[in-house]
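Can you make the complete structure from the sequences, with help from the hints?
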Amino acid sequence: MVEFLVKKSKVLLYQGHFYLGDGVVSAEAWVRTMEWEGSGKYLMAERKAWKVKGVLAGYVHKWGSFSNTAAVEAGHLVPTDQAVHSPAMMEDWVLDKGVFAIVQGEDSASDFRVAVGNQ
0 MVEFLVKKSK
10 VLLYQGHFYL
20 GDGVVSAEAW
30 VRTMEWEGSG
40 KYLMAERKAW
50 KVKGVLAGYV
60 HKWGSFSNTA
70 AVEAGHLVPT
80 DQAVHSPAMM
90 EDWVLDKGVF
100 AIVQGEDSAS
110 DFRVAVGNQ
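Using numbering that gives the first Met the number 0, the letters of the sequence shown map in sequence onto residues 0 to 118.
Be careful, since some hints might not be right.
Derived DMTMM-like pairs: lysine to aspartate or glutamate, alpha-carbon spacing no greater than 20 angstroms straight-line [stated by the list, open to error]: (1) K96 - E36; (2) K40 - E27; (3) K47 - D95; (4) K6 - E36; (5) K6 - E34; (6) K52 - E2; (7) K50 - E2; (8) K96 - E34; (9) K52 - D91; (10) K50 - E34; (11) K47 - E27; (12) K50 - D21; (13) K40 - E72; (14) K52 - D80; (15) K52 - D21; (16) K40 - D80; (17) K47 - D91; (18) K52 - E72; (19) K6 - E72; (20) K50 - D80; (21) K7 - E45; (22) K7 - D95; (23) K40 - E90.
Derived from the structure by calculation, the hints contain no laboratory data.
Rendered as structure tokens:
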């Protein structure tokens, strides 16, 4: 399903760094099994530090319209655990700002956006 969404829309996955249930490690393993046009480039893309007002908020691994974010100092409820950083994440992702910006040369999708987190 996500493979289809990536073709037609922007997709944001996010997990809390401290959540062991289906957190960062599980999400990374699952993403590696996905087959979509940009999956090879995604796997080769650099993971970048994501900061909010100079403070480390997490790490973003992205290519084109697909972003996978690990929020630091957050567990299962990222929006609750990181009440300042998570709205900034959503805003930057929706507005293509900072580490969430589509870089020239990356594949991009339409304006339809889907966010999936371990909420």
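Hint check results:
no.	hint	in the structure
1	K96 - E36	violated, 23 angstroms
2	K40 - E27	holds, 15 angstroms
3	K47 - D95	holds, 15 angstroms
4	K6 - E36	holds, 8 angstroms
5	K6 - E34	holds, 11 angstroms
6	K52 - E2	violated, 33 angstroms
7	K50 - E2	violated, 28 angstroms
8	K96 - E34	violated, 26 angstroms
9	K52 - D91	holds, 13 angstroms
10	K50 - E34	violated, 30 angstroms
11	K47 - E27	holds, 15 angstroms
12	K50 - D21	violated, 23 angstroms
13	K40 - E72	violated, 28 angstroms
14	K52 - D80	holds, 17 angstroms
15	K52 - D21	violated, 28 angstroms
16	K40 - D80	violated, 31 angstroms
17	K47 - D91	holds, 14 angstroms
18	K52 - E72	holds, 16 angstroms
19	K6 - E72	violated, 32 angstroms
20	K50 - D80	holds, 16 angstroms
21	K7 - E45	violated, 23 angstroms
22	K7 - D95	holds, 16 angstroms
23	K40 - E90	violated, 25 angstroms
Of the numbered hints listed earlier, those contradicted by the structure are 1, 6, 7, 8, 10, 12, 13, 15, 16, 19, 21 and 23.
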